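Read top to bottom, the protein sequences are chains U and Y. Sequential numbering from 1 applies to the first sequence in our numbering. Sequential numbering from 1001 applies to the second sequence in our numbering.
For the record, the hints were derived by calculation from the structure and aren't laboratory data. Small disclaimer: the values here were computed from a predicted structure and weren't measured. Cβ atoms here follow ideal geometry from the backbone N, Cα and C, with glycine treated the same way. Please note that the accuracy of each hint is not assured.
Stated by the list, open to error - Partial list, computed: chain Y residues near chain U (C-beta under 10 Å):
hint, residue
1, G1012
2, I1015
3, A1102
4, L1114
5, F1115
6, N1118
7, Y1119
8, H1123
9, S1127
10, I1133
11, G1134
12, Y1137
13, T1162
To be verified - To be clear about the criterion: a stretch of chain U counts as covered by chain Y if any three or more of its residues have a C-beta under 8 Å from a C-beta of chain Y, and this derived list gives those stretches:
hint, region
14, 125-133
15, 145-152
16, 256-267
What the hints assert, rightly or not - Far from chain Y, by Cβ distances over 10 Å, these chain U residues were calculated:
hint, residue
17, A67
18, A75
19, M83
20, L100
21, D108
22, Q159
23, G163
24, L238
25, N272
26, D286
27, V291
28, P294
29, L363
Given next are the chains, with one letter for each unit.
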Amino acid sequence: MKKDRKDSAVNKGELNQTVSKRQSRREVLLKTGGILAAGAFGAVPLRGWAADPVNIGALYPTTGSMAQIGVGCVAAAKLAVEMVNDAGGIKSLGGAKLNLILSDVQSDTTVTRTETDRLITGNKLSAIHGCYASALTLIASEVAERAKVPLITGSSSDQLNKGRTYTFTPFARASQFARAQLQMAKLVSDSPKVAVIFENTAFGTSTSNGLKELAPAEGVEIVMFEPYSAGFTDASPLINKVKSSGANALFSLSYLNDLILIVRTVKQVGLNIAINGGSGGFVMPDFYKNVGKPAEGLQGVAHWNHDVSDDAQKVNVEFKKRTGEFLFEYAGGLVAQTFMLADALERAASTDPQKVREALSALDVSSGYAAMAPGGKVKFGPDGKNVYGRPVGVQWQNGDLASVFPKEDARAPLLKT
Amino acid sequence: MWETVAQAVINGLLIGGIYALVSIGVTLIFGVVKIVNFAQGEFVMIGMYISFFLANQFGIDPLVSLVVSMPVLFVVGVLIQHFLIRRVLGPNDMPQIFLTFALSLLLLNLALMLFSANYRTVHTSYSDEAFHIGGLYVPVAKLIAFAVAMLLSGVLWVFLHTTDLGKAMRAAAQNRDVATLMGINPNRVFCVALGIALALAGAAGSLLMPFYSAYPFVGQVFTLMAFVAVVLGTLGNVIGALIASLMMGIAESLGIQYVGADSGLIVVFAMLLLTLAFKPSGLGGGRAR
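Go ahead and model the full structure; you've got the sequences and the hints to work with.
Here is the structure:
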């Protein structure tokens, strides 16, 4: 399907050029031939019909275990492209429209590698965004680096900022999340005593170690530091232990099912403790649906939230109309990223991925949809990291996720439960 | 200190009741039909989904949906025995192992296809409630689950010891050939045994639903615990499986409290290892029932 679209675009171009029929057929054949075709396409002077669309690749898992969130990302990606196009497209390219080329990476690292490769070689892309899950984004970023196509992502892994020149991360990094969590604990109590419980996997262990290292400097005491094996049948023994530790705040580094059990059990015990559920599944609309009322007052951290700015609220309303859910962390960041790409394309006045990369690295926005981020400013450092990037502390209030930390980003007061 | 220990024991006992329902099913099938049912956990999963959909579509309380999930799974058990297991009963164990294992994989993947890997929860008015006695608490949903589990186990015991069919089942378990000579129809007895075992799994599923999430892999957690309980309590011994399940629940809970949250099962497996070393036939004393 994607190939058909490209062929027809090529055909139109050649009719304008009044090339002989025979020649054009041969050229079409050539151009469908993968890498060789990509080269030939690039050689055609496009400036004459500048309204040719700008191809943006979007890699998201829309099947497999991460599908649920991936599908939400695709909905946001489509919405963002529509917004850019309705506002007149890329003016420096004669009002060129953004053309979103979607690819399903199937929640699988191997598929991500081949799909990224296929997407880059099969289409003339100006930039890529994806893939939601850090494990997948790391792979896609490797492929994009090699092909010299800029990739912009909301994935939080710090590794995306190491030894890469085509990868851009406009939002807070994983290492910043731990500090924000600790600082939030200080808002709840003057002498925070934190119990950290974490899944004994790579995710849980690395995040919890980050917390442990930062805690003394932030003046937070960790009174319990306990790994558990995921998929338990009963959270009560664990919560019993938290209770006897005397903690007044609980950091749970868990996947959805365990977290649901933990939250429900804390409520049953009647334990008065501030729970911080971190990021990921915790800041998704689904979490509240599963936990219900006991989720009220629970805190977490996110790299984006739908109330960070008035622009974000506007997009949120539209997204809600389309999907029925509020604009969640990753999807919202994704809309902002699309506008960052549009801003770069505007200044580059070219669809060439190298020029787009240069324009991205010089990006400096503090207003409009491209600046929808905690802190409200985006400017990339040499490592592709937004120098103003910071996480936002959130809290479930009346079924909605409200920004409560830091003070500059807070849209609602933190409720001490 | 005493409060913490007492609370750990209560927690363990309550979850042990659920383990018991699953392991009694496994041990009943092993005792009577002499096959190992690897798919027992998947039937718990089916019971959970039945309760979930009844609650979600018609607002039926998961505890009420016991009256649906148990009969449905009873019929499923009879059908599985009559059309599948009957064909592989013979001197060779391999086809039986493959059959129940394949059944487990099939049901698991079918659930993935039909219901996706998402977690489904049901909220009841008592889901997050608990009785508080002194410094201790007893969650309502788990207490109900425990009580119903014990009641069902009691009913099963009475059935096995007082009714003709129950006695026939025990006879078939003790010696199939002699039982057949006495005029007992083994296939009929086996069908009932499978039906009862699956109905118990279904009951476990419905009882879990108010406080646990349903997802396609949920059965695997319980299958593992059930197998340990069955071996610990002597293969084929219903009372043994019941007591072993409760002990395991308590051991796991105390293990989490005093060894580590990721090593609660270490205590359970140490218990299994010691039992096998000193009393290889299990705590039930080697007698079936």
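- What hint numbers does the structure not satisfy? Failing hints, ascending: 3, 4, 5, 10, 11, 13, 14, 15, 17, 24, 26, 27, 28.
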